[in-house]
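Asks: Here are the chains, one letter per residue:
Protein chains: 6
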Amino acid sequence: MKEEVFYAKGVKYIKEEYPEIYESLVKLNEAVYTGKVLDYKTQKLIALGITAAKSDDRAIRQQIKSAIEEFGVTKDEIMDVLRVVLLTSGNPPFMKAVKILHEVLEE
Amino acid sequence: MKEEVFYAKGVKYIKEEYPEIYESLVKLNEAVYTGKVLDYKTQKLIALGITAAKSDDRAIRQQIKSAIEEFGVTKDEIMDVLRVVLLTSGNPPFMKAVKILHEVLEE
Amino acid sequence: MKEEVFYAKGVKYIKEEYPEIYESLVKLNEAVYTGKVLDYKTQKLIALGITAAKSDDRAIRQQIKSAIEEFGVTKDEIMDVLRVVLLTSGNPPFMKAVKILHEVLEE
Amino acid sequence: MKEEVFYAKGVKYIKEEYPEIYESLVKLNEAVYTGKVLDYKTQKLIALGITAAKSDDRAIRQQIKSAIEEFGVTKDEIMDVLRVVLLTSGNPPFMKAVKILHEVLEE
Amino acid sequence: MKEEVFYAKGVKYIKEEYPEIYESLVKLNEAVYTGKVLDYKTQKLIALGITAAKSDDRAIRQQIKSAIEEFGVTKDEIMDVLRVVLLTSGNPPFMKAVKILHEVLEE
Amino acid sequence: MKEEVFYAKGVKYIKEEYPEIYESLVKLNEAVYTGKVLDYKTQKLIALGITAAKSDDRAIRQQIKSAIEEFGVTKDEIMDVLRVVLLTSGNPPFMKAVKILHEVLEE
Chain A
1 MKEEVFYAKG VKYIKEEYPE IYESLVKLNE AVYTGKVLDY KTQKLIALGI
51 TAAKSDDRAI RQQIKSAIEE FGVTKDEIMD VLRVVLLTSG NPPFMKAVKI
101 LHEVLEE
Chain B
1 MKEEVFYAKG VKYIKEEYPE IYESLVKLNE AVYTGKVLDY KTQKLIALGI
51 TAAKSDDRAI RQQIKSAIEE FGVTKDEIMD VLRVVLLTSG NPPFMKAVKI
101 LHEVLEE
Chain C
1 MKEEVFYAKG VKYIKEEYPE IYESLVKLNE AVYTGKVLDY KTQKLIALGI
51 TAAKSDDRAI RQQIKSAIEE FGVTKDEIMD VLRVVLLTSG NPPFMKAVKI
101 LHEVLEE
Chain D
1 MKEEVFYAKG VKYIKEEYPE IYESLVKLNE AVYTGKVLDY KTQKLIALGI
51 TAAKSDDRAI RQQIKSAIEE FGVTKDEIMD VLRVVLLTSG NPPFMKAVKI
101 LHEVLEE
Chain E
1 MKEEVFYAKG VKYIKEEYPE IYESLVKLNE AVYTGKVLDY KTQKLIALGI
51 TAAKSDDRAI RQQIKSAIEE FGVTKDEIMD VLRVVLLTSG NPPFMKAVKI
101 LHEVLEE
Chain F
1 MKEEVFYAKG VKYIKEEYPE IYESLVKLNE AVYTGKVLDY KTQKLIALGI
51 TAAKSDDRAI RQQIKSAIEE FGVTKDEIMD VLRVVLLTSG NPPFMKAVKI
101 LHEVLEE
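Protein chains in written order, with UniProt numbering: chain A, 1 to 107; chain B, 1 to 107; chain C, 1 to 107; chain D, 1 to 107; chain E, 1 to 107; chain F, 1 to 107.
Hints in this document: simulated from the structure, not taken from any laboratory. Mixed in with the good hints, there may be bad ones.
[Claimed, not checked] Just so you have them, the derived chain A footprint on chain E, three or more residues with Cβ under 8 angstroms: (1) 11 to 22; (2) 44 to 57.
[Said to hold, decoys possible] Only pairs whose alpha carbons sit at most 25 angstroms apart, straight line, appear in this in silico BS3-like list of lysine-lysine: (3) K15/D with K44/D; (4) K36/D with K27/A; (5) K41/E with K44/F; (6) K27/A with K9/A; (7) K12/C with K36/C; (8) K27/C with K36/F; (9) K27/F with K27/C; (10) K44/F with K75/F; (11) K36/B with K75/A; (12) K27/C with K12/F.
Cβ atoms here follow ideal geometry from the backbone N, Cα and C, with glycine treated the same way.
Bound conformation, chain A alone (with noise of 0.2 angstroms):
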């Protein structure tokens, strides 16, 4: 299964049964993504960082792709996020992403 399809089907499942968490997630979302000092871009990428360095596979291709398609950001302002990756966490998360990266660019 695609991983967009994935995470659309875990939100919507979250909106139609239990909307009191799907309330609290978009306030939480206008709260994080306010774009007032940094831009939502510039936030998007220090998401995707926290989330390579993590080492989650679904998570790390699906922060890719959306970087990707929603902000246009190119694959070395994405391998520049993982430089930081591979100095912070080790070689393993590094690798990890970069092979997600070639991956989701392939599609």
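Given chain A, put chains B, C, D, E and F in place with the hints provided.
Replies: This is chains B, C, D, E and F only, laid out in the frame that chain A set:
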């Protein structure tokens, strides 16, 4: 002991006694912080986000200090990083980093 | 391969080839799940919360399945555990666990 | 500095200077701690388990204190949570939390 | 896709498109695996222990494979590493690594 | 408070008040540190590597001390473990452990 001293001593120790590690770290830092696509300040904010997400007191304090002192990063810019930490990593690492930021600003 | 089979095989393998580890695990499980003050079901929900917070796909699926099959834990009880995961560990592990819960319920 | 003061200051700081984050946290807390199916105390024990599994000194101490002071959670109940931490997360986070529990009880 | 191919492709990709990162990784590897005091095989077992403690499926599989193929590490040696994972990191990462070891040996 | 005292008190507390947990820990330790294939010292170095990778100050200090005092592990052997931490887990846990090692050696 002040955090800067804590880390400066660690680096000094490595440089004197394990020069081959020191050199590889210098080379790694150069390959990471290239300022090619993303600027160095943005990469530092990504490093700060990853560090805060890991809830490591000492490392967070050091990252916040160096972001402020070396890059003139503002309180609101750091808070915009920490907003992403709240969403991706939960309330405990967020509150910890907020409190450390507050302490650093009052020193 | 089904998750139950995955784990059952691992346990079988340990039991046959490394009986001293198997025995220590049995003893450890007995010392952990005593049902003395908190009942066993509550302890299982705590185990589920910890597992979900760590974003480990396979372990989450197995914990959700065993909570449902062995203890008759309901969907809403699991969601009450996952709410805590959202607050303490952020949105990515929460959404992942919600989606796995949804998949398990549809199987 | 006492942990309660540490966290209380962090919350006060957020409330005054970043009210939109504060409000989203209030809303999130309401959506998390509903007491709908599992009671609030059980959810707090789950939060304690997750926090202890992450080995974060300050957060563990705060969780233990608030569990005792706000919910009248007993030492044996906390130990039943920590048993699960031992099994799911290993001996170091378990021993750390046991020791912090012991310190809190002696204060 | 086989794990070796997964990682080999990642390395190839870095080497071709980001040679400065590749060179820093080569340099880093040389500074890490010196075989000066501990031999290379012991260092690889330490890397395997760290990787298994982090519960990262793909990285565990790759580490186990390379330990066996490059260093002739035996099943019992790997199990002695995983025993330490059980004690320091809990049952879920232990059982996961045991199962992956078993799968690798049967391939 | 000294770290040894911190941990010794925790163990004493468990032994007196929760003997069934204490016994399961003894049994677990026996099943883990068998010295069957890898010797006990190598297993201790693996435990040190895993602990350092998790950036837990107290546990790192205790592991380094016990490695030196109980097994006569040398500074260079510990540095060979920490090199692997640098590669697998990044610069922050590496620098932290280097600094703690340095402090322990100067005490």
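Asks: Which hints from the list above does the structure break, by number from lowest to highest?
Replies: Structure breaks hint 7 only.
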